[in-house]
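Protein sequences, first through last, are from chains A and B. Count the first sequence with the numbering used here and you get residues 64 to 535, in order. Count the second sequence with the numbering used here and you get residues 4 to 540, in order.
Keep in mind that the hints were calculated from the coordinates and are not lab data. There may be inaccurate statements among the hints.
Said to hold, decoys possible - If you want the ones that stay clear, here's a sample from chain A, every Cβ over 10 Å from chain B, calculated:
1. 68
2. 78
3. 83
4. 115
5. 309
6. 361
7. 369
8. 396
9. 398
10. 412
To be verified - A few chain A residues that face chain B, going by a derived Cβ cut-off under 8 Å, partial list only:
11. 91
12. 95
13. 97
14. 103
15. 107
16. 164
17. 177
Glycine included, each C-beta is placed from N, C-alpha and C at the ideal position.
Read off the chains here:
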Amino acid sequence: MRTLRQVLFYLFLLAYLIATPVAILYALGYIWAPGAERGLVRSGLIAIASTPDEAQIHLGNSRYTRRTPTAIRDLLPGIYNLRLTQRNSDAWQGEIEVRAERATVLDHIILLPANRTPQPLAPEVWSQMHSEPGERNIVLESPRSLLDWAMLDASEGRLRPLLPTTSAWGDAHVLQTWFRKDSPHALFQVQQHDRDRYLWFDFSAKEEEPLDVTRLFLNAPDEVIWDPRTHSEIYTRAQSRIHRLSFKDMAIFPDCAPPAKGFALNRNHLYILNFSNSLLRVGSEGATERTDYLLPTALAATLTNDTYAIHLLPDDALLVRNTTGALWLNALSNELAPQGVRQIVGDEKEDQWLVVADHALGLLGLNAQEKSEPWSLQWIHSQDQTIQRAAWIHDDTHILFSSQGRLLLLALERGGEGAPRNLGPVGAQGAFYFSERTGYLYALNEEGRLTRLRLLPPRSLIPLPLHAETRE
Amino acid sequence: MSFSYTRMGIEGREAGLQRFLEILPGATSWCILITMLVLGLSAPQLAAAIVIAFNLYWLLRLAHSTIFLILSYSLLRAESETDWQQRLLNLDQEDIPSRRSRLLHRKRLRALQQLHQKPQDPTDIHHVVIIPIARETADIIEPGLRSLQAQDFSTQRILVMLAVEGRAAENVRRDAAELAARFRPYFLDVHVALHPDGIPDEARVKGANATYAAKQAATILRAHNIPFDRATVSCFDADTVVSSGYFSCLTYHYCMEPHRTRASFQPIPVYHNNIWEAPSSARVLEVGSSFFQLIEATNPETLVTFSSHSMSFQALVEVGYWPVDMISDDSAIFWKSYLHYEGDYRAVPMYTTLSMDVVSADSWLDTLRGLYKQKRRWAWGVENFPLVVRGFLHTPRIAFREKIKHIIKMFEAHISWATWGFMLSAFNWLPALFAGREFSSSVMYFNAPRISGLVFNLAGLALLITIVLSQLLLPRPPSRRPTLFRILHAAEWLLVPVITLFFSALPALDAQTRLMLGRRMEFWVAGKGKKAHPPAS
Chain A
64 MRTLRQVLFY LFLLAYLIAT PVAILYALGY IWAPGAERGL VRSGLIAIAS TPDEAQIHLG
124 NSRYTRRTPT AIRDLLPGIY NLRLTQRNSD AWQGEIEVRA ERATVLDHII LLPANRTPQP
184 LAPEVWSQMH SEPGERNIVL ESPRSLLDWA MLDASEGRLR PLLPTTSAWG DAHVLQTWFR
244 KDSPHALFQV QQHDRDRYLW FDFSAKEEEP LDVTRLFLNA PDEVIWDPRT HSEIYTRAQS
304 RIHRLSFKDM AIFPDCAPPA KGFALNRNHL YILNFSNSLL RVGSEGATER TDYLLPTALA
364 ATLTNDTYAI HLLPDDALLV RNTTGALWLN ALSNELAPQG VRQIVGDEKE DQWLVVADHA
424 LGLLGLNAQE KSEPWSLQWI HSQDQTIQRA AWIHDDTHIL FSSQGRLLLL ALERGGEGAP
484 RNLGPVGAQG AFYFSERTGY LYALNEEGRL TRLRLLPPRS LIPLPLHAET RE
Chain B
4 MSFSYTRMGI EGREAGLQRF LEILPGATSW CILITMLVLG LSAPQLAAAI VIAFNLYWLL
64 RLAHSTIFLI LSYSLLRAES ETDWQQRLLN LDQEDIPSRR SRLLHRKRLR ALQQLHQKPQ
124 DPTDIHHVVI IPIARETADI IEPGLRSLQA QDFSTQRILV MLAVEGRAAE NVRRDAAELA
184 ARFRPYFLDV HVALHPDGIP DEARVKGANA TYAAKQAATI LRAHNIPFDR ATVSCFDADT
244 VVSSGYFSCL TYHYCMEPHR TRASFQPIPV YHNNIWEAPS SARVLEVGSS FFQLIEATNP
304 ETLVTFSSHS MSFQALVEVG YWPVDMISDD SAIFWKSYLH YEGDYRAVPM YTTLSMDVVS
364 ADSWLDTLRG LYKQKRRWAW GVENFPLVVR GFLHTPRIAF REKIKHIIKM FEAHISWATW
424 GFMLSAFNWL PALFAGREFS SSVMYFNAPR ISGLVFNLAG LALLITIVLS QLLLPRPPSR
484 RPTLFRILHA AEWLLVPVIT LFFSALPALD AQTRLMLGRR MEFWVAGKGK KAHPPAS
């Protein structure tokens, strides 16, 4: 037994001394290359995941038997032509750079369905769709009276009238609407019997009458904001005056903050841009403090008497946008965009923001590693046609946008095609909504009818692991 | 040899060295874990490389252990068929049916012949059995006594000492007295030694109780004119049940051992008394403990006594009995003897089993708690490390190589006990879990889990062998559907990763941390027994 133990000890020691460096070198990407490259060379890999998965992989002249998701290892550094094919989907192709010891990760490739003919969902004609309320509701706007407005539950694909058929507001005509991201509420300004009315909707309650809050409105508001977590309190800015309206007590708190040319709400605090170009923070009990550190003097000096939209970002960053769409970030000395910015959309993790301008899309990101200038705006796409709407989709790896009657998809991942892919026509308003859960893309077509297209498969609850690869 | 195997009464540099050596194992374990944590977060590529190196090391160690587990198990099977009583009738006889058993016997005979010795005459060998009792009532002790009564060895040459703690409850003392009276006629004697509480320099530990009983046993042996070198002493846990051939087997090994008064005799402890009543986690853990001892038995050069075992009574007296201030008396007595005889002491493996209770309480949670505390108590064996190292500094006659071998093995065993569970679970995934953008786009990020996966798949083979052996080792389930029971037991082994972490690595780290911080452990008596009975030792 002792001899056996000694023999095994030396055998295992030898095995360890050989296997460990080999395994570590392999893990680092070193491989033994045959042929002209003969010797120990550094390799890289490509990790590929597609939606839908099970796509056939072609890399250069090689076709792989395993399908996506997978990792293709032992690739010598260089540029590779990667092509993914799948029945019933358009092929995806890209030039991929493989670097030594690095992994090129393409884990959100979308394979578009070959047949992209949208299915009409209902015969009615709508003039616009509002996709902000809650996480899964779409409000469909009718050119006729409020009775013809509808609500679509995008998760279940069910359409229902916005109001009960017996509603007293059925004959009202909508003048203006205010929605807020992730809030199940909306404020409607309607006209009924030649009188302006204000209605507070709760979309989480099914087929209920809206709350008439008209008497709380002294003037028509220019801007309305509320905290998505609250259900009965909003702030309005009307002719520069800020009022707080409580629907629970049906009370108005006029001039709850100094007059402003722009304001924002964050964690029970109002941020007020006053007419002296100072930024004030107003607590829920009315306490006001100056937060000049948020608004550098140089930036304050550039602001005019225009009205401004304020967008609060993490780490005391602040975006200011005027009515012409000029955009400033307090953390940067120069303006981000001279004009044309219409929309700022944060991603799910709130670590990058999509800047939607008239003819361009930009990504505003925070890189905490970069101490001197952590914020940067990168324009990722520009075009001659006007961009109407844009939204993050597919785990914030793609941007879906509408432009001049077309829906387009832009991949952000490395190696993706530079140009956006055309998904098909859309109505003049460019209205669309994508449900991550069901994979359906809802849109209003040229005739104003609601259509649905299965863009991606429904979400599976458990993500599948990467397959091992074999080459054919 | 002037070294006293205790941490008490030392001063100056010796006390400083003792404290340093107490801190060393815990500090090393924590250093490894913290370093891996820091590397996992700050240098994930390096952490992943270390994990690969560790995984391969672990795999080879596992393969090595599995080979010796199979060999050891085959020897256990071979020896389990031996009629030890028959063997004792003629120790020189080489005509033994079992080939493996015959080989082992011939090897022992040859060792004696090389020293121009003959086997000791087994007819005048006596055995002292000490059963320390603190909280154990008759229902726990009686099965063990019955197993002693059922020995094929002459029970009139067995002296049973019921070592009862003076602080034990009245019913415990009464039970011991009643059992002694009932079983006395079958043995040389059954003596109740009531260990007074609060003897100076004694901690409330099992070793103190056993020592007190052993001293009384010495008096009884002298009264019967039994030479100490013709007697063994076995210190058994109260729940220990031995097979009918145990003392014949022990007598055989004692007689065949050339240096019998310089040896301990280590059987394979199994936990079969209530194995099918215990929760699955406890069952898997205890079968694992048995396997560990089986593997250890294949390496007598570094074997250390564990749990219930036997030794020469003369050696026990010469070394000054068990330490009276240490919890881990089972291993401490080995090291005390090893140092006393300046290396001329060894543990002889005996391929026979003795069975004890699995920790089992009324509720599942209490059982897990008890299991954790038991493993922590086992891991408290690390208290021997500073004493052994200090002892080596006082024993110039022990070869330097031997000292280094024992120190490295002991140190490595405790460190691996506390850290491997974490390395194999948390730290395998840590670099990937907290990977930043830089690491997650490296080849290492994708290849390291692949290599680990391969290692774990290969380790699955060892697990499969372990499952098969556990099925062979365990007794028949007390069920009308034994096959179903066995299938369920096989599935229980899937719990190994969780059990390794929470009932092996964590209690070991706990014990080392306590020793490091000087928070010494009170003796805790494991709650053992069948579920129907109230918790007892």
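*In ascending order, which of the hints set out earlier in this document are inconsistent with the structure?*
1, 2, 3, 12, 13, 14, 17
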